[in-house]
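Put together the whole structure using the sequences plus the hints.
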Amino acid sequence: MRKVRLFLVDDHQLFRNGLKYILNERKDMEVAGEASNGREFLDLLDFVKPDVVLMDIGMPVMDGVEATRRALEKFPLLKILVLSMYDESEYYNSMIELGVKGFVLKDMDNDELYEAIRKVNAGGTHFSQELLLSIIKKKTPENKIILTRREKEILDLICKGYSNQQISDKLIISQRTVERHRANLLTKTDSRNSISLVVYAIKNRLISI
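With positions in the sequence shown counted from 1, the corresponding number in the working numbering is that position plus 8.
Simulated from the structure, these hints should not be mistaken for laboratory data.
A few of these clues could be false.
Unchecked claim - Only pairs whose alpha carbons sit at most 30 Å apart, straight line, appear in this in silico DSSO-like list of lysine-lysine: (1) K114 with K196; (2) K211 with K160; (3) K82 with K57; (4) K211 with K178; (5) K114 with K57; (6) K11 with K178; (7) K152 with K57; (8) K168 with K211; (9) K196 with K82; (10) K160 with K82; (11) K178 with K160; (12) K196 with K211; (13) K196 with K178; (14) K11 with K211; (15) K35 with K57; (16) K168 with K28; (17) K114 with K152; (18) K11 with K114; (19) K152 with K178; (20) K152 with K211; (21) K160 with K28; (22) K28 with K82; (23) K211 with K114; (24) K35 with K11; (25) K35 with K114; (26) K57 with K28; (27) K28 with K11; (28) K35 with K168; (29) K168 with K82.
To be verified - With beta-carbon atoms standing in for the labels, derived distance ranges: (30) T156 with K28: 42 to 50 Å; (31) N118 with M9: 40 to 48 Å; (32) D117 with E161: 23 to 31 Å.
Ideal Cβ placement from N, Cα and C applies to all residues, glycine included.
Shown next as structure tokens:
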């Protein structure tokens, strides 16, 4: 079985060492690259070719927001999972708009980290519930929209981190149909990507958590 190639980007060596240790213990994952700031990450990205990037936000030389922006400009399909602290909420919206695939707290338990990586690698999303709630509390609900039954089903699965293929398998519909419904949901909610769609859905009580 091919291992998921991971790239760790964080300015704290001890944190990276600990993260690398628990990830390399997994038979299905391997840390293929490390960087202590955004500049190092961009310099190494072509060589490492990761499946998933674990990106810190606050770093010297170049922070995670700018590194993410530049990386996704060059590699739009790159899957980035943000490593966050509670006091970094001012950056969340920027990272969501850029198109990251999820957020986890740095003090999350190992099982949540493994699950987040698996979801993101499979094409889904992951959002730490604590972080999601903190963002939603700061946002004003918008006008509610009307969704079809199928759109509600698909939205619920998107919010659970399912990929298009996983939704297709679960609902026994074609992947093209899933993609069409996802596109309609993004349009109806004026969301740029899946993470911003999740925030909109929970903020406006389109799903329950």
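Taking the hints in turn, this is what the structure says about them:
1. K114 with K196: The hint is violated at about 33 Å.
2. K211 with K160: 15 Å, holds
3. K82 with K57: 13 Å, holds
4. K211 with K178: 25 Å, holds
5. K114 with K57: 24 Å, holds
6. K11 with K178: It holds: about 25 Å lies between the C-alpha atoms, which stays within 30 Å.
7. K152 with K57: Given pair K152, K57 is violated - Cα atoms ~41 Å apart, limit 30 Å.
8. K168 with K211: 15 Å, holds
9. K196 with K82: 28 Å, holds
10. K160 with K82: 34 Å, violated
11. K178 with K160: 14 Å, holds
12. K196 with K211: The hint holds at about 15 Å.
13. K196 with K178: Status holds; Cα separation ~23 Å.
14. K11 with K211: 36 Å, violated
15. K35 with K57: This hinted pair holds, its Cα atoms lying about 19 Å apart.
16. K168 with K28: 26 Å, holds
17. K114 with K152: 33 Å, violated
18. K11 with K114: 23 Å, holds
19. K152 with K178: 27 Å, holds
20. K152 with K211: Judged against 30 Å, a Cα distance of about 10 Å means the pair holds.
21. K160 with K28: 38 Å, violated
22. K28 with K82: Holds - the C-alpha atoms of K82 and K28 are around 26 Å apart, at most 30 Å.
23. K211 with K114: The given pair, whose Cα atoms are some 24 Å apart, holds under the 30 Å limit.
24. K35 with K11: 7 Å, holds
25. K35 with K114: Holds, because 22 Å separates the two Cα atoms, which is no more than 30 Å.
26. K57 with K28: 17 Å, holds
27. K28 with K11: 14 Å, holds
28. K35 with K168: 25 Å, holds
29. K168 with K82: 28 Å, holds
30. T156 with K28: 42 to 50 Å: 45 Å, holds
31. N118 with M9: 40 to 48 Å: Given range 40 to 48 Å: violated, Cβ gap about 20 Å.
32. D117 with E161: 23 to 31 Å: About 30 Å separates the Cβ atoms of D117 and E161, which means 23 to 31 Å holds.
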